[in-house]
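Order-wise, the sequence lines are chains A and B.
Residues in the first sequence are numbered from -10 upward in steps of one, following the working numbering.
Residues in the second sequence are numbered from 19 upward in steps of one, following the working numbering.
Hints are computed from structural coordinates only; laboratory data are not their basis.
Predicted, not measured: the structure shown is a model, and the values here were computed from it.
Careful: at least some of the hints might be erroneous.
[Stated by the list, open to error] Restricting the straight-line Cα-Cα distance to at most 20 Å, the calculated cross-link-like pairs of lysine to any residue (SDA-like) are: (1) B:47 / B:28; (2) A:246 / A:84; (3) B:47 / A:246; (4) B:47 / A:118; (5) B:47 / B:149; (6) B:47 / B:26; (7) B:86 / B:50; (8) B:47 / B:143; (9) B:47 / A:84.
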Amino acid sequence: MTAFSNAVAIVGVGETDYSRASGRTELALSLQAIRAALDDAGIEPREVDGLMKWWVDTSTEAEVAANLGIRDLAWWGEVNQAGNVGAPLVAHAAAAIHAGLAKVVVIYRGVNGRSGRRYGRGDVTGQGGRSGGAFTEPHGLLTPQHGLAMVARRRMHETGITSRHFGMQAVAQRRHANRNPRATFYDRTLSLEEHQASRLIVDPFHLFDCCLETDGGGALVLASADRARELGRPIVLIRAAAQSGPGVGSPAARGAKRLFDMARIGRGDVDVIQIYDHFGPFVLFALEDYGFVDDAASLVDEGGTDFDSDRLPVNTAGGHLSEAYLQGINHLIEATRQVRGESTAQVSNVRFSFCDTGIGTGSVILERGES
Amino acid sequence: MSEWRFERPPELPLPQPTEEAQPFFEALKERRLVVQCCTDCGALQHPPRAMCGSCQSMTFHWEEMSGKGCVYSYVVTHQAVHPALVGYTPLATVEVALAEGPHVTSNLVDVPPEAVTIGTPVEVVFDEVAAGVVLPLFRRISN
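If we strip away everything but chain A, and leave its shape as in the complex, we get (with noise of 0.2 Å):
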C-alpha cells in the first residue's frame, strides 16, 4: 500500500438542512452539520483533535473548537484557492492522521450561499477591474460562469458536443434530486425539453446548467481505519486522494493518473462517480478528462450516468445543480454513503466510489472495508 492509502477512513458524514434563507450563520451551520457527523461516527466532539476547512469558510477554527469543547486540537488548516478543495483537504487530513498528527480530523464547510454572499454576482465576487479583472472585467468577463463558459464554447467548438447532452445531464441529475428528500429539487422534475427552453445566463449556459445557491453546512469525520473498525458502522477506507494544480494540459488528467496510481485500480473498477458540477458541462468535460470515456456525449445520449444504468452513475444525490450548492462536501457525503449502501438513489454493490471535488483540483477513491 502506498502513503496513506486505506489506513485511513471517513467515519461520519453529516449536513444541514439545505434552504435560501437558513436564517443562522454560517457558523451555526457548520457545528449543527459537525454535531451530525460527530453523532453518526458515534465520536465525541472533544475526540476531535484536528479541523480542516475551505480556505473561503468565514468561520476560522479557533470558534469551531471553543464551540466544540475541544481540549487541544492538535492539527488545523485550510487549502486555498475557491469552492474546489473538499477532495485536497480530505488528502490532507488522510496524510496527517497517517503522520500521526492527529486522531480525529473534522472537515467542514458552512455558507449561506442564497441569502449571503452569492457567487455568481460580478459585483460580490468581481475584482472590480483590479488584479487580472483589468484584463477582463471592463469587456464584461465578470463572474465564474463567465470564464468557464468561454471554456465549454470552446470545447464544445473541438469536440462537436452539445447543449442538448448538457441538458441530458442535468436531467439525469434532477432524476437523482428527486428521490432525495433533502434535495432542493426534490419535488421538480426537469426535462430536457424545459432545459432547452430554460433561460440563457451566459451562452452557452442555460439556468439549468447552473449550480443551486444554497444556504447550509456539511462536515466529515475522518479517523484510523483502525479507529473506524471499533466503532460499528459500514467501514468507508480512503483508498487514494490526490490534488492537482497549475501545470500544462488538463488538472484532471494530471490528478487521475496520480489517484489511479496510488489506488492501483484501473477506471473500470470504479462503481459510482461524483463530479463537482458548478456547471453542469464540465461534469461531462472531466469524465473524458479522468478516462472514464472518451466521448462522453455518446454515454450521456445513452442515458449512462443514471444511477440505475450499469454504466458509470454520476451525481447521485442530485449534485450542485440540483442537491445544493455546498462546494464538493455534498459530493463527499454521497460518495461515503454509496459505499455505506445508504443513497436514495443507491447503485448496487459499491466498492470503488470516486468523487471529484473541482474538474481536477482534487479526487479521492473510496472503498467499501470488511468490518
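Given chain A's structure and the hints, the job is docking chain B onto it.
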C-alpha cells in the same frame, strides 16, 4: 439595414492595473497593443507576470503585436449578473488568439452577439472608453 455597432456598458469596471501590468495600458493610450516579452528567452506571456514562466528570468520588454488574430472562443451574457450589465444584454465577450500566440479578452465592435463565431479573423481597434483609458477592441477582417 443599419450597421450594428458595439455599445460598451459604460459602468463596466475600468482597468485598475498592477504595477507590472501598467505598460500594457500605457501603450494602449498610444494606440499600440503590446505583450510582455522575456528579454532572455523571447517568450511572450499575457497577462504579464513577475517572472518568465519559461526560463524564470525577471527581465522583460514589451513587444508590439500585429493586432491581427482570430476568435478562439466567446460567451454571450444574457442575464445581468452585474449592475453594469442591466440594459446591455445580450453582450458578447470574445477571447482572441493573436497571430503571435497570446490570447486577449475583448469585444467585437462590428459583429452582433448572435453572429459571433469561432475562427473569425479580426484585427485590433482602439477605443478610448473614458478619459485616458483606452481598451483594445477588435473588428472583423476578410481572410
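Tested hints:
As the CA atoms of residue 47 of chain B and residue 28 of chain B are separated by approximately 18 Å, the hinted pair is consistent with the 20 Å bound. With a C-alpha separation of about 19 Å, the suggested pairing of residue 246 of chain A with residue 84 of chain A holds against the 20 Å cut-off. Using a Cα cut-off of 20 Å, the hinted pair residue 47 of chain B and residue 246 of chain A is violated, with the two alpha carbons roughly 47 Å apart. A hinted pair counts as satisfied when its Cα atoms are at most 20 Å apart, and residue 47 of chain B with residue 118 of chain A qualifies at roughly 17 Å.
Restraint check for residue 47 of chain B and residue 149 of chain B: satisfied, since their Cα atoms lie roughly 10 Å apart, inside the 20 Å limit. A threshold of 20 Å between alpha carbons decides the hint, and for residue 47 of chain B with residue 26 of chain B the separation of about 18 Å falls inside it, so the pair holds. Pair hint residue 86 of chain B plus residue 50 of chain B holds up; C-alpha atoms about 12 Å apart against a cutoff of 20 Å. Distance restraint check for residue 47 of chain B and residue 143 of chain B: the Cα-Cα separation of roughly 12 Å lies within the 20 Å cut-off, and the hinted pair is therefore satisfied.
With a C-alpha separation of about 52 Å, the suggested pairing of residue 47 of chain B with residue 84 of chain A is violated against the 20 Å cut-off.
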